[in-house]
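Taken in order, these protein sequences are the chains called A and B. The numbering used here puts the first residue of the first sequence at 940, with every later residue one more than the last. The numbering used here puts the first residue of the second sequence at 940, with every later residue one more than the last.
Derived by calculation from the structure, the hints in this document are not laboratory data. Hints are not guaranteed to be accurate.
Any copy will do: because identical chains look the same in the list, a pair fits if it lies in one copy or spans two.
Cross-link-like lysine-lysine pairs, in silico, DSBU-like; alpha carbons within 35 Å at most [claimed, not checked]:
#, residue 1, residue 2
1, 974, 1014
2, 1134, 941
3, 1014, 1166
4, 1014, 941
5, 974, 1134
6, 1134, 1166
7, 1152, 1134
8, 1134, 1014
9, 1166, 941
Number of protein chains: 2
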Amino acid sequence: MKHLFSCALGSRLSRVISVASVNEILEDQGSWMGKILWVCDEHTRMYVPEGTDCVVLPSGEGAKRWDSIETILGKAAASGLGRDGKIIAVGGGVVCDLGAFAASIFMRGCAVSLVPTTLLAMVDASLGGKTGFDLFGMKNLVGTFHPAHEVYILAQSLRTLDDAEYRNGLGEVLKHAILSEDDRLATYLEENRGKLLSRDIVSMERMIVDSLKVKQSYVESDPTETKGIRDALNLGHTFAHALESVGNLTRFSHGEAVAWGVVKALHAGVSSHVTPVPFATRHEELIRSYGFDVDVTVSDRGRFFEALRHDKKKRASQVRFVLMEGQGRHLLQPLTQQQVMAVLGFSGVE
Amino acid sequence: MKHLFSCALGSRLSRVISVASVNEILEDQGSWMGKILWVCDEHTRMYVPEGTDCVVLPSGEGAKRWDSIETILGKAAASGLGRDGKIIAVGGGVVCDLGAFAASIFMRGCAVSLVPTTLLAMVDASLGGKTGFDLFGMKNLVGTFHPAHEVYILAQSLRTLDDAEYRNGLGEVLKHAILSEDDRLATYLEENRGKLLSRDIVSMERMIVDSLKVKQSYVESDPTETKGIRDALNLGHTFAHALESVGNLTRFSHGEAVAWGVVKALHAGVSSHVTPVPFATRHEELIRSYGFDVDVTVSDRGRFFEALRHDKKKRASQVRFVLMEGQGRHLLQPLTQQQVMAVLGFSGVE
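Chain A extracted, bound-state conformation (with noise of 0.2 Å):
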């Protein structure tokens, strides 16, 4: 076990911590008085430590529901948490978002503790505090700020993942090497494919906690993301969460979807002026280079610019766009419709 670092967000610390089993997290929670209750999913139910309090739910983004919510409320409630009670998240996006919410309105807030076991999960939805999920088919339309009180980086757990959901997690990752204030983390990609592809242990801890330390730079500055600071992790992200539209929330994974993006917003930040052609070269090269398809075409114009019209970022009922000025520096921009059909590759003409 190692303390590696903590985040602090709004008045709550957030302890992150490498893990090289199960156990070591038993041991660490020993100390805690209240009720412990465990949540996981089919697939992660085997690093649920038996004779515990547990609760099971399917796996898969289809999960993400107020019915997930209420089954994880009814087993606090008959497992006799009280407000000082824990919930242990142990899975990958979806049971994290799920247990950390659940935690948040569960008499009205009790702790959480998160294992994240995907790559994804890992480096962006385990640190930050944010909680949520689906609802009318619109992407954590429902959602908490809720921070864990300790993140567990079990990194053993990513040597199992198939690729797709590893691949996943990269696209965060190569998100991360451009909003980093230096672009050690870039080189690091750059430089580290090799390895990090073929899921070398000690080269993957260091993504991790590279990727990790970019995110919380910008975590702790703007907790609940209210200063346009945060905002900037969202690169990528309004025309990702559109596409995932599209494609019904399950035709394209998270990071598939966020890696186009990130591409589509360079493209859109170099269009206007504001990203140079090199910074948007290298970082699309990098992307690449990792094996995601940013060439995808968008299927369905009509319903990817409803979604963008419902994107939970707006402000003052306008889409705002993060475009990058370079290394670590973004800027909030709202993007005409020909402006965006233009980066899609369209013609003007719908």
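Got chain A sorted already, so can you dock chain B onto it with the hints?
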């Protein structure tokens, strides 16, 4: 329109404003940039201005469930609210709790204003940021802390309230008279019973503001109920919630249950040598003088104790009761089953 005071809850300042009509609310909201959704129930829709986006919920405690939240969230999404949107809830405690809870989870939190139209909601639900709904028959099992931007006191709305509902709010006012740092509110209630029961507007406004200021002093020092200060407001509520559970949440009004619970807590305090007898006697007499039946007997002991065991104020698996050492001085203390039985007038044999 008159700004009465502001209440600081964490980083949020709740402005408490006295208004003579809904037009004054519209005027005050004139500068709000985002979209607004009104939430009311069948009884309070008459207060909602025409031509505004509005959700009408069913009336009554039965509406305090997830379905209502989903209805609000659906209408908010359809009305194009963003995170800069605002929900204005007009109604009793149920509507205020639901509207504020929906606001707290819509896109991870949008703004909320409250227009309580019952005395109970004015002196209790509206200030302090508590939101929630019932699940699995447990009151407010689900909820958040999400203080309102504005609380509008429309004292006129109390003129048409039925007597039972008005007395419902008096239960909380009588509790605040005990918790106040001095006995001015108690004396005011003793000396102005006639005017208050005939709903003289000036007297009611004085009572509401004094009562809210008592609540303010507790919630400001402990916005999320983690310091044991705010727990004082729970005086009588552990008993009351259990009584309400036995009555299936419908037989007893909240204020009746609270008045009964406060007297039980005073008795428990006396029998534990915590509460001075003259203090307990003065307040029991005051409560009786307002027509509360504090002699209700619990019909189903089993369910009553089961409900006590699930009290959400539990810490380290122990239910703690609020006992009064005197005017405005409380302590939190567990009671044995025998002590509770004695206060309820049961013999030791079940």
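Right, here's what the structure says about each hint:
With identical chains, the CA atoms of residue 974 and residue 1014 are at most 35 Å apart within one copy only, with a shortest distance of 12 Å there and 37 Å across copies. Within a single copy, residue 1134 and residue 941 get their C-alpha atoms as close as 23 Å, which meets the 35 Å cut-off; across copies the closest is 67 Å, which misses it. Within a single copy, residue 1014 and residue 1166 get their C-alpha atoms only as close as 37 Å, which misses the 35 Å cut-off; across copies the closest is 27 Å, which meets it. Taking CA atoms no more than 35 Å apart as the test, residue 1014 paired with residue 941 passes inside one copy only; the shortest distance there is 32 Å, against 47 Å between copies.
When the C-alpha separation of residue 974 and residue 1134 is checked against a cutoff of 35 Å, the pair qualifies neither within a copy, at 41 Å, nor between copies, at 50 Å. Taking identical chains as interchangeable, the C-alpha atoms of residue 1134 and residue 1166 are never at most 35 Å apart, the minima being 38 Å within one chain and 50 Å between chains. Taking the shortest alpha-carbon separations for residue 1152 and residue 1134, only the intra-copy value of 21 Å comes in at or below 35 Å, while the best inter-copy value is 63 Å. When the C-alpha separation of residue 1134 and residue 1014 is checked against a cutoff of 35 Å, the pair qualifies neither within a copy, at 42 Å, nor between copies, at 50 Å.
For the homomeric pair residue 1166 and residue 941, the shortest alpha-carbon distances inside one copy (32 Å) and between copies (31 Å) are both at most 35 Å.
In this structure, the hints that do not hold are numbers 5, 6 and 8, in rising order.
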